[in-house]
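Trainee: Letter by letter, the chains look like this.
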Amino acid sequence: MSPLDRSSPPASGVPRDFAFPAVERRTAAHDLDLRIGCMNRLPMVSVNLFMRAGEAALGSAAAGLGVLTADTLEGGTKKRSGSALAESLERIGARVGASGGWEGTSIGLSCLADRLPEAMAILAEMVFEPDFPEAEVARAREQQLAQIRQRRMDPGALATDSARVRYFADGVPYRRAVDGSEESIAAVTREAMLGYVDANYRPEGGGMIIVGDVEPDEVVEMIGDHFGDWSGAPASRPDFVVEPATRDRRLVVVDRPGSVQSEVRIGHVGAARSTRDYYPLSIANMVLGGMFTSRLNLNLREDHGYTYGIRSRFTFRSEAGPFQIGTSVGNDVTAPAVREIIKELQLMADDGPRDEEVAAARDYAAGIFGLQLESAGQIATRITQLVVFGLPDDHFDRYRDTVRGVTTEQSAAAAARHMRPDEVQVIVAGDAEIITPELESLGLAPVEVVVAES
Amino acid sequence: MSQLSIPFERHRLDNGLKVVLAPDRTVPVVATNLWYGVGSRNEVEGMTGFAHLFEHMMFQGSAHVPKNRHFELIERVGGTLNATTWFDRTNYFETVPSNDLELTLWLESDRMGWMLPAMTQEKLDNQRDVVKNEKLQRYDNQPYGDWSERVQKLIYPEGHPYRHTVIGSMEDIDAATLDDVGSFFETFYVPDNAVLTLAGDIDPAAALEQVKRYFGDIEPGGPIPTLPGNPDVESLIGQTVRDHVVADVPLPRVIMAFRSPSYGAEDFAVAEVSQALLGMGRASRLYRRLVRERQVAKGVVTYVYPLLTGASMFLVWATGYPGGDPEELERAMIEEIDALAEAQQSEIDRAIALTETDLVRALERTAERADLLSMFDLYFDDPGRLNRELDRLRAVTLDQIKDFAGTRLVADNRAIVTYQPETSR
Numbered sequence: 001m002s003p004l005d006r007s008s009p010p011a012s013g014v015p016r017d018f019a020f021p022a023v024e025r026r027t028a029a030h031d032l033d034l035r036i037g038c039m040n041r042l043p044m045v046s047v048n049l050f051m052r053a054g055e056a057a058l059g060s061a062a063a064g065l066g067v068l069t070a071d072t073l074e075g076g077t078k079k080r081s082g083s084a085l086a087e088s089l090e091r092i093g094a095r096v097g098a099s100g101g102w103e104g105t106s107i108g109l110s111c112l113a114d115r116l117p118e119a120m121a122i123l124a125e126m127v128f129e130p131d132f133p134e135a136e137v138a139r140a141r142e143q144q145l146a147q148i149r150q151r152r153m154d155p156g157a158l159a160t161d162s163a164r165v166r167y168f169a170d171g172v173p174y175r176r177a178v179d180g181s182e183e184s185i186a187a188v189t190r191e192a193m194l195g196y197v198d199a200n201y202r203p204e205g206g207g208m209i210i211v212g213d214v215e216p217d218e219v220v221e222m223i224g225d226h227f228g229d230w231s232g233a234p235a236s237r238p239d240f241v242v243e244p245a246t247r248d249r250r251l252v253v254v255d256r257p258g259s260v261q262s263e264v265r266i267g268h269v270g271a272a273r274s275t276r277d278y279y280p281l282s283i284a285n286m287v288l289g290g291m292f293t294s295r296l297n298l299n300l301r302e303d304h305g306y307t308y309g310i311r312s313r314f315t316f317r318s319e320a321g322p323f324q325i326g327t328s329v330g331n332d333v334t335a336p337a338v339r340e341i342i343k344e345l346q347l348m349a350d351d352g353p354r355d356e357e358v359a360a361a362r363d364y365a366a367g368i369f370g371l372q373l374e375s376a377g378q379i380a381t382r383i384t385q386l387v388v389f390g391l392p393d394d395h396f397d398r399y400r401d402t403v404r405g406v407t408t409e410q411s412a413a414a415a416a417r418h419m420r421p422d423e424v425q426v427i428v429a430g431d432a433e434i435i436t437p438e439l440e441s442l443g444l445a446p447v448e449v450v451v452a453e454s
Numbered sequence: 455m456s457q458l459s460i461p462f463e464r465h466r467l468d469n470g471l472k473v474v475l476a477p478d479r480t481v482p483v484v485a486t487n488l489w490y491g492v493g494s495r496n497e498v499e500g501m502t503g504f505a506h507l508f509e510h511m512m513f514q515g516s517a518h519v520p521k522n523r524h525f526e527l528i529e530r531v532g533g534t535l536n537a538t539t540w541f542d543r544t545n546y547f548e549t550v551p552s553n554d555l556e557l558t559l560w561l562e563s564d565r566m567g568w569m570l571p572a573m574t575q576e577k578l579d580n581q582r583d584v585v586k587n588e589k590l591q592r593y594d595n596q597p598y599g600d601w602s603e604r605v606q607k608l609i610y611p612e613g614h615p616y617r618h619t620v621i622g623s624m625e626d627i628d629a630a631t632l633d634d635v636g637s638f639f640e641t642f643y644v645p646d647n648a649v650l651t652l653a654g655d656i657d658p659a660a661a662l663e664q665v666k667r668y669f670g671d672i673e674p675g676g677p678i679p680t681l682p683g684n685p686d687v688e689s690l691i692g693q694t695v696r697d698h699v700v701a702d703v704p705l706p707r708v709i710m711a712f713r714s715p716s717y718g719a720e721d722f723a724v725a726e727v728s729q730a731l732l733g734m735g736r737a738s739r740l741y742r743r744l745v746r747e748r749q750v751a752k753g754v755v756t757y758v759y760p761l762l763t764g765a766s767m768f769l770v771w772a773t774g775y776p777g778g779d780p781e782e783l784e785r786a787m788i789e790e791i792d793a794l795a796e797a798q799q800s801e802i803d804r805a806i807a808l809t810e811t812d813l814v815r816a817l818e819r820t821a822e823r824a825d826l827l828s829m830f831d832l833y834f835d836d837p838g839r840l841n842r843e844l845d846r847l848r849a850v851t852l853d854q855i856k857d858f859a860g861t862r863l864v865a866d867n868r869a870i871v872t873y874q875p876e877t878s879r
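Protein chains in written order, with my numbering: chain A, 1 to 454; chain B, 455 to 879.
Hints listed in this document are in silico derivations from the structure and should not be mistaken for laboratory results.
Glycine included, C-beta positions come from ideal geometry on N, C-alpha and C.
Be aware that a few hints might be false.
Restraint-style ranges between C-beta atoms, simulated for each label pair [claimed, not checked]:
hint : chain 1 : residue 1 : chain 2 : residue 2 : range
1    : A       : E438      : B       : T877      : 27 to 35 Å
2    : A       : D422      : B       : D628      : 23 to 31 Å
3    : A       : A138      : B       : A793      : 18 to 26 Å
4    : A       : R151      : B       : L570      : 41 to 49 Å
5    : B       : L690      : A       : S12       : 53 to 61 Å
From just these sequences and the hints, can you work out the full model?
Mentor: Given below as structure tokens:
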């Protein structure tokens, strides 16, 4: 071996080829999209049941019903109380969690592979025979109301929630909190939950994804036994067009007297997952604020020491979700931090990323993709994304090549189209008395001070 | 019931660096994981928070690695990296495609051997600001953000190395100098005070050669100084101690802590299983009784800190509802903790089954394997303990749990921090 030269980093070795695990699409019930991935590295299995019962399909009066219904599935079935249900699952080491979101409702299950038959029977019981006992519904409601209260007093959540209503126009579901308001949650009843499940926990548009140490034929039989008669489509469907609340730049201070730091959110309406700019825009965002070595983080953290960290993100949904830059900064540097963020955003929108930045972001995206295919749960999550967004089966097989094909010009064009510094809403949750004067002197936009409701 | 068998081999370089190699060629990923035997417990008076500040400085470059280059190089290959500081140790880790293993060895060895030439006052000032912002963001500007500081002061006596928090005091951070960085480095960041684990897609023989090549010529250090203060404590606090906080918090919260056996003690496993009976999963005692049935708590959490020095902390916390009475919550918690004396074998079985699922799930991740192997080697000189984790917990008996509840989870050993929202007064 030659003597060690420490002066420059060692070259990469030859990469080992690694394919996305093979996924079989099988039929066990007519309307159910069943996908099975075999991984036998450890005796584990992860299951995702995705149903297109989402908050985006609900009107504002019912906001949060989908989320709360999913939360309350653990409250019991026609055969078992909530405690008995938890006991049946945990006795065999099965972890089950249900959660509602904008796109749909997911029930996740993970357990040792030899416990799957028992766990799957209980999962089916939760989907087809939920009971929603009054006491459990009341508890879920109270827990959610307390949660809403907690969010209002958490500075980061307060800033995020205050920003959302400044991005989206009235009537756009994404303008509200995904888990409902005090009014809509207080109105949820057992009957509403039973009705919601009956109408919307349907297989069409969703999928059952099973990944782990399994035999596909056995899985098909098992799913046929429990879900074979399941049919139909969810009754509620999304029906809205995303519009911004405004196209004027605004700056809002959400006053938290005594706050020792400012939570900053800067953003506007972003793009849908279906945008043709998905890849180049993702790359441009990585350069702006999607990696540790992004422009924003190197500027605000490593050069100026304004913050512990800063990120920017496009939240891609079926319709356009938010584009947002988020950070928390000291009171005394709040205004300069906002100034630097706007400056970086403007630079990216005007000039786009440089060649070497695009190359670095592409390599990062392509490399980290492979790192995140280790566990059954990670693979199941990826496959679920195919179902949620209607992506082709070979999407992940082509992912790395697609990312590597993104050019600087494409990224710059995507940044120019989807990053609009003139239209950003700047929301700062902090001590207004301390931070407002200097924010006003930035001259970005008229400053509006609002009181944080409590 | 499965038997864990994560394969690994151990080596030790001439300079004292311990090396654990855990090959698993199924995915082309390698985790490089380095644990140093230094944490906040090693901080002398006036230097609280320094171990963590130092961790930040480790990313500011070394003799052959300019500032920010570490992040750039790892992100460029699609890798992830981070570091954490804790009471007993500090760990640094990268996960990268396996053809870039050598890059991680180059980076880690450069800062283990040649960090100081790259240190400047400007970098120290910058990271001091970053750490101050970290404290503001994660502790000072958070409802309940000071809970740990309050609990530690109740559990540990004056002079105990766990009496202060890992994040430390900002006055001490302000007082830190470049000389402090230098002497801390020379004292603690030495190969004979570290464990390096490589897990994942490696050929052990080739990997060992590379490790020797990069780390072999780093000089060993001197003896590690004995811990400051007095690590010895009585097994019980001796009375119920309290801290009642009226603050700008959304909901009442009661945090109950008990002095418990240290991580290395025989009966630490009893504490772990007791904790699981009380709070792990939705069939646990506290979730079932306090959250589901009595509905006095919105949520409960139980946890035992795996701490090495003198005594650990057994935590039970419950968050109430708006307008809820913290005293009622506290009484309910005590009733249910006392009721642990009536536990059944089936509850132990449930706890073990859940723990098994969680552990196997964790081991699916190469980085997690590497981290656990490093920990067991640094703490117990025994990485193979990973494969015996479940046996250790399975050996816990019902009688031991009842005895533990009756001797440790008692009024004489109880620290209670209560948060009451200002507005409910």
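Trainee: With respect to the beta-carbon atoms only, verify the hint that A138 (chain A) and A793 (chain B) lie 18 to 26 Å apart.
Mentor: holds (24 Å)
Trainee: Honestly, do L690 (chain B) and S12 (chain A) meet the 53 to 61 Å range at C-beta?
Mentor: holds (56 Å)
Trainee: Taking the beta carbons of D422 (chain A) and D628 (chain B), is their distance inside 23 to 31 Å?
Mentor: Violated - the Cβ-Cβ distance for D422 (chain A) and D628 (chain B), about 41 Å, lies outside 23 to 31 Å.
Trainee: Range hint 41 to 49 Å: satisfied by the CB atoms of R151 (chain A) and L570 (chain B)?
Mentor: holds (45 Å)
Trainee: Measuring from beta carbon to beta carbon, are E438 (chain A) and T877 (chain B) in 27 to 35 Å?
Mentor: With a Cβ separation near 31 Å, E438 (chain A) and T877 (chain B) satisfy 27 to 35 Å, so the hint holds.
Hint compliance for this structure: hint 2 is the single one not met.
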